[in-house]
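Asker: Starting from the given sequences, assemble the full structure and let the hints guide the process.
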Amino acid sequence: MGNASSMLTQYDIEEVQEYCDHLFFILVSQQEIVSLYERFCQLDRNAKGFISADEFLSVPEFAMNPLSQWLLKMVDGLNFKDFVAFLSAFSAKASAQHKIELIFKVYDSDCNGKVSFNDIMKVLRDLSGPFMSDDQREQVLIQVLKEAGYTKESYLTVDDFFKVFGNSNIKMEVEVPVD
Amino acid sequence: MSWTCIAPTLKITTRPDPPSTSLTASSACNSSSLHFRRSRFGLGAFRDLLDISPTLTEAAGAIVDDSFTRCFKSIPPEFWNWNIYLFPLWCFGVLVRHLILFPARVLILTIGWIIFLSSFIPVHLLLKGHDTLRRKLERLLVELICCFFVASWSGVVNYHGPRPSIRPKQVYVANHTSMIDFIVLQQMTAFAVIMQKHPGWVGFLQSTILESVGCIWFNRTEAKDREIVARKLRDHVQGADNNPLLIFPEGTCVNNHYTVMFKKGAFELGCMVCPIAIKYNKIFADAFWNSRKQSFTMHLLQLTTSWAVVCDVICFCIDNLIYGLSTWVRDMISIRAGLKKVPWDGYLKYSCPSPKHRERKQRSFAEWVLRRLEEK
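So the sequence lines, in the order shown, correspond to chains Y and U.
Every letter in the first sequence is one number past the one before it in this note's numbering, and letter 117, counting from 1, is 117.
Every letter in the second sequence is one number past the one before it in this note's numbering, and letter 154, counting from 1, is 1154.
Please note that the accuracy of each hint is not assured.
To be verified - Partial list, derived from the structure: chain Y residues whose beta carbon lies under 8 Å from chain U:
1) 39
2) 41
3) 59
4) 95
5) 114
6) 136
7) 145
8) 172
To be verified - Residues of chain U clear of chain Y, computed beta-carbon distances all greater than 12 Å:
9) 1087
10) 1088
11) 1115
12) 1119
13) 1189
14) 1212
15) 1225
16) 1234
17) 1281
18) 1282
Source of the hints: derived by calculation from the structure; they are not laboratory data.
The beta carbon of each residue, even a glycine, is placed where N, CA and C say it ideally should be.
Answerer: Written out as structure tokens, the structure is:
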């Protein structure tokens, strides 16, 4: 596809679709890819082929979100294919497993495949802001970990996350507006 | 101001209520079932804490579509002409616009400028002593050059409502789509407008010609600027002889499909507010000036090579001072011009949203967690 030109060909759309399918399920329809491409070009103001962090932050609704910095780590500098692959986790057809993997990746900020006590604390800090002290956060987390059968020194893998979330339905869906 | 997106097409889920399986229920049973219950509820609590899916969904929803960016998007007209008969006609239209209309319009504009400059410069320099006469003549000349501008776009402006008059203690507010709003309105009456000081030839025109009609400048980037400008506005409104004041309370150009929040400054001057709604007809030309994508020169060129600029200007007056006037006026203008309202401040184009919105979400999360802790 090269740099972000203004036209997507049918080959490009199919290539993106194949790139994003997860376990042989087509997660993003062709019209959604075209809409997402328009959105990508709109956010990528100088047609560099990727969206920089401050271009994401120019969307006030995104900038206000407590987890914006965490998502930025995952989305900053992505080209269009990876951008759609990232958003495919929010498709209605994405499996719970796919969504849990994304949540795991948000927590696992150092990408070592393990989520530690400190990793969860960092996310909690952004979620609760100045309204909870560090002590309170630690207290809650230690307690909750104990209830779940873990300790402060435990490292959680993706499988632990699958166990914790179990068979519950994760509602994490974003509909792409198709003109 | 609510921060939820107003797009009807987005499915955004709100935070689900924490499940009622509380941690206190584990205390009242025997040991084996206690162990089972504790681990089940334990996992439940841990899951609730780890589950950031609602927040992630909101963030992803904002990435995919948000109501703020939609206000500043130039919505292109739908393609209607891609078949064998209409396409040559369209090509012919392009040729007519660029090779016949454009030179004719440039000629009209040049003639207009020549007449204007040859009258304005003498009036400005020679009538230094006779201020009232000079001001009156300069007003007429500015109106004249604006008429030439509008003619150069084959502008058709339909005015509705009472014509603005020169009276003290009144201020006109209008929605903002482009700098040509000012030219279109100036053609009707000479206004004193409050504008951002621009660089280049526009800035030069601002400091020479527009000063004569009493325009006031502001600078978005300067912090103290607001108070200085507020004082200047108040002084201007009090003067009996000054041109009627025109303010664009949105503070930035919006694409004529939406209105952003109105700044309160215009409504706190203690005088009558006269709203003006401007709606451009997109069939003939898209008058939205996307200042991030185009310079003003390119924007003017684009208009000069379109068929026409057709718009409706609707003036109406409000007598009483109503509480929450800025919201009410914005509602009235949005209804009259057929625009949708959006709960964002236009200045978010240049700066980040204030942390208080994020803090609201953080507070509700923290309260929920602490309540769970207390229950235990």
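Asker: Work down the list of hints and note, for each, if the structure agrees.
Answerer: Comparing the hints with the structure gives:
{"no.": "1", "hint": "39", "result": "6 Å, holds"}
{"no.": "2", "hint": "41", "result": "11 Å, violated"}
{"no.": "3", "hint": "59", "result": "5 Å, holds"}
{"no.": "4", "hint": "95", "result": "14 Å, violated"}
{"no.": "5", "hint": "114", "result": "14 Å, violated"}
{"no.": "6", "hint": "136", "result": "7 Å, holds"}
{"no.": "7", "hint": "145", "result": "7 Å, holds"}
{"no.": "8", "hint": "172", "result": "4 Å, holds"}
{"no.": "9", "hint": "1087", "result": "18 Å, holds"}
{"no.": "10", "hint": "1088", "result": "23 Å, holds"}
{"no.": "11", "hint": "1115", "result": "41 Å, holds"}
{"no.": "12", "hint": "1119", "result": "43 Å, holds"}
{"no.": "13", "hint": "1189", "result": "36 Å, holds"}
{"no.": "14", "hint": "1212", "result": "37 Å, holds"}
{"no.": "15", "hint": "1225", "result": "23 Å, holds"}
{"no.": "16", "hint": "1234", "result": "31 Å, holds"}
{"no.": "17", "hint": "1281", "result": "22 Å, holds"}
{"no.": "18", "hint": "1282", "result": "16 Å, holds"}
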